[in-house]
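Here is how the chains run, residue by residue.
Number of protein chains: 2
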Amino acid sequence: MIKVLVIGAGAIGAFYGALLAKAGAEVSVVCRSDYDQVKQHGFIIDSHPLGRWSFIPAQVLKSAADFEGEADYILLCTKVIPGLDRVALVRPAVAENTAIVFIQNGVEIEQEMRDAFPNNEVVSGLAFICCNRVSPGKILHLAYGRLALGNLPNGVSEKTAQLCELLNQSGIDCNLNENIVTGRWQKCVWNAPFNPLSVLSGGLPTLDILQTQESFVRSIMQEVCDIAAAAGHPLPDGIVDTNIEHTYAMPPYKTSMLLDYENGQPMETEAILGNALRAAQRLGVAVPHLESVYALMKLRELKLRTQ
Amino acid sequence: MIKVLVIGAGAIGAFYGALLAKAGAEVSVVCRSDYDQVKQHGFIIDSHPLGRWSFIPAQVLKSAADFEGEADYILLCTKVIPGLDRVALVRPAVAENTAIVFIQNGVEIEQEMRDAFPNNEVVSGLAFICCNRVSPGKILHLAYGRLALGNLPNGVSEKTAQLCELLNQSGIDCNLNENIVTGRWQKCVWNAPFNPLSVLSGGLPTLDILQTQESFVRSIMQEVCDIAAAAGHPLPDGIVDTNIEHTYAMPPYKTSMLLDYENGQPMETEAILGNALRAAQRLGVAVPHLESVYALMKLRELKLRTQ
Chain A
0 MIKVLVIGAG
10 AIGAFYGALL
20 AKAGAEVSVV
30 CRSDYDQVKQ
40 HGFIIDSHPL
50 GRWSFIPAQV
60 LKSAADFEGE
70 ADYILLCTKV
80 IPGLDRVALV
90 RPAVAENTAI
100 VFIQNGVEIE
110 QEMRDAFPNN
120 EVVSGLAFIC
130 CNRVSPGKIL
140 HLAYGRLALG
150 NLPNGVSEKT
160 AQLCELLNQS
170 GIDCNLNENI
180 VTGRWQKCVW
190 NAPFNPLSVL
200 SGGLPTLDIL
210 QTQESFVRSI
220 MQEVCDIAAA
230 AGHPLPDGIV
240 DTNIEHTYAM
250 PPYKTSMLLD
260 YENGQPMETE
270 AILGNALRAA
280 QRLGVAVPHL
290 ESVYALMKLR
300 ELKLRTQ
Chain X
0 MIKVLVIGAG
10 AIGAFYGALL
20 AKAGAEVSVV
30 CRSDYDQVKQ
40 HGFIIDSHPL
50 GRWSFIPAQV
60 LKSAADFEGE
70 ADYILLCTKV
80 IPGLDRVALV
90 RPAVAENTAI
100 VFIQNGVEIE
110 QEMRDAFPNN
120 EVVSGLAFIC
130 CNRVSPGKIL
140 HLAYGRLALG
150 NLPNGVSEKT
160 AQLCELLNQS
170 GIDCNLNENI
180 VTGRWQKCVW
190 NAPFNPLSVL
200 SGGLPTLDIL
210 QTQESFVRSI
220 MQEVCDIAAA
230 AGHPLPDGIV
240 DTNIEHTYAM
250 PPYKTSMLLD
260 YENGQPMETE
270 AILGNALRAA
280 QRLGVAVPHL
290 ESVYALMKLR
300 ELKLRTQ
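In order, the protein sequence lines correspond to chains A and X.
Residue numbers for the first sequence follow numbering that gives the first Met the number 0, beginning at 0 and rising by one.
Residue numbers for the second sequence follow numbering that gives the first Met the number 0, beginning at 0 and rising by one.
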């Protein structure tokens, strides 16, 4: 039986973990804040597209160090925020044949994991999903859910294909991506404008932002494309147009950063904007709009810390 | 006796009006929101540097159309915000020999007044002052107070020199500036970063902004210098450095835009940022940082209108 350990069983981790359990894997979870509830009652997954079911993990743990057995896959699903050591979270449960899969936001978050685990498969996952933790152990899956998976630095291993197959069996759309790092930059094209603009505007949904400041949004998107190209990951022609059209077609949407902001949680400013900006600086790409948005997010965060 | 009509007797208008009255001018005021209080009791000016005194205007009016007599000077001291027609406010009281003096924030706010009153002296005033209306008719003058005056399009008339002299007699520092339009751009170098950044950060004082995002602040300042130069108003070398040093030396300061924001009042986004940006577009100057800050202010304002 395939053994999976989910580290960071918030909305995303619990949801994909529950799908893998549904497909027949033995799924354990490390969850800190909701430990007591989950230990006693497991999770309730309430998915608009897939229905409602209960997910009882094989092991419910406070730390990966307590995990018993050998995981075929670790799914790391925490947010990527300063002060949270992703390597340290994962290390105690990494065995010889464990594939480390991180389903996380941001760009240039790969190298740290590859350096720490040079002899393990490291798999990068990108989730396109609208999914919230509504209370301890209760996960509401509103829409979407597609997951893209690919090995680092590129390609797709058999083991990754097997994980993808399992997820597809469970009813969610999972794709393999031979160039998942490019996929990360591609996702950043949307994230880099809409996440911070939703926060800095004080809470506007995506459609309002787009309808009134489309050219500003496009400038930021283009800068992300410029960085990606300089980093050796040229994005498809017309990707900015596609993102704009797609966003006009979406229902008004609250970004993940806005939800974190409204809930007083740390935001992924560094993973999404800071890392993109540092790449730009390293590669000599001018990104003044992105730079402005990042600076303003840092000021907003400073104010939040001091108020 | 010199007759002065102050239009827009908020903190700035009441303060300079009170100084002119102290120096012996006959000063009337148009004030809308505090009309009843001021009509009955006049103003109380509480100035840290100059002491406390009462200012009883010669006429207290709801509209310039009610003004009796002929004003030597009109002091227009409203904010510069969309929907407030500066020409219409002033027009009913403009006589043949009336000089129209506007003590207001922003750049490129001159032409409208010059076009409307081609046969009158039009004088541009810049106040460097920290002064608030604390309650109806009560004005608190905390610090600074310097006023710069100059005729449009440039030069200084005898009449302007006379007004300057009166203000100096009253105890405040008033200078004449032969190139007051350049002076407006010069003031914008400070206003363009600190006003919007204080709002978009959620209320940080100037020192926190500077200590954490100095290079961003410098980028915006430099862009204002670039526009000013392209508009035929080159600013002194080293003006960015001077502004940075000066701001480090200031006590932590809440900008006027932040005060408006906190008080739910309209902000001078268009007068300060929008006009600068439109000048840049007209003149073909690249100002991506300023553009970003302006776009974010427009989003913030949109959110304020809809919440």
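Treat the hints as calculated values from the structure; they're not laboratory data.
Among these hints, one or two may not hold up.
When chains are identical, the list treats them as one kind, so a pair holds in a single copy or across two.
Unchecked claim - Listed below are the simulated PhoX-like cross-link pairs for lysine-lysine, each with C-alpha atoms no more than 25 Å apart in a straight line:
#1 302 - 253
#2 2 - 297
#3 253 - 61
#4 21 - 302
#5 253 - 186
#6 61 - 302
#7 253 - 297
#8 61 - 186
Computed from a predicted model, the values in this text were never measured in an experiment.
Now the hints, each set against the structure:
1. For a Cα distance limit of 25 Å, the shortest separation of residue 302 from residue 253 qualifies both inside one copy, at 22 Å, and across copies, at 14 Å.
2. Proximity of residue 2 and residue 297 under a CA criterion of 25 Å is satisfied in neither setting, with 40 Å inside one chain copy and 51 Å between copies.
3. For the homomeric pair residue 253 and residue 61, neither the shortest alpha-carbon distance inside one copy (30 Å) nor that between copies (46 Å) is at most 25 Å.
4. In this assembly of identical chains, residue 21 and residue 302 lie within 25 Å of each other by CA distance neither inside one copy nor across copies; the values are 44 Å within and 42 Å between.
5. In this assembly of identical chains, the alpha carbons of residue 253 and residue 186 lie at most 25 Å apart only when taken from the same copy (16 Å versus 38 Å across copies).
6. When the C-alpha separation of residue 61 and residue 302 is checked against a cutoff of 25 Å, the pair qualifies neither within a copy, at 32 Å, nor between copies, at 41 Å.
7. Taking the shortest Cα distances, residue 253 and residue 297 sit within 25 Å of each other both inside one copy (20 Å) and across copies (19 Å).
8. In the homo-oligomer, the alpha carbons of residue 61 and residue 186 never lie at most 25 Å apart, since the shortest distance is 31 Å inside one protomer and 57 Å across protomers.
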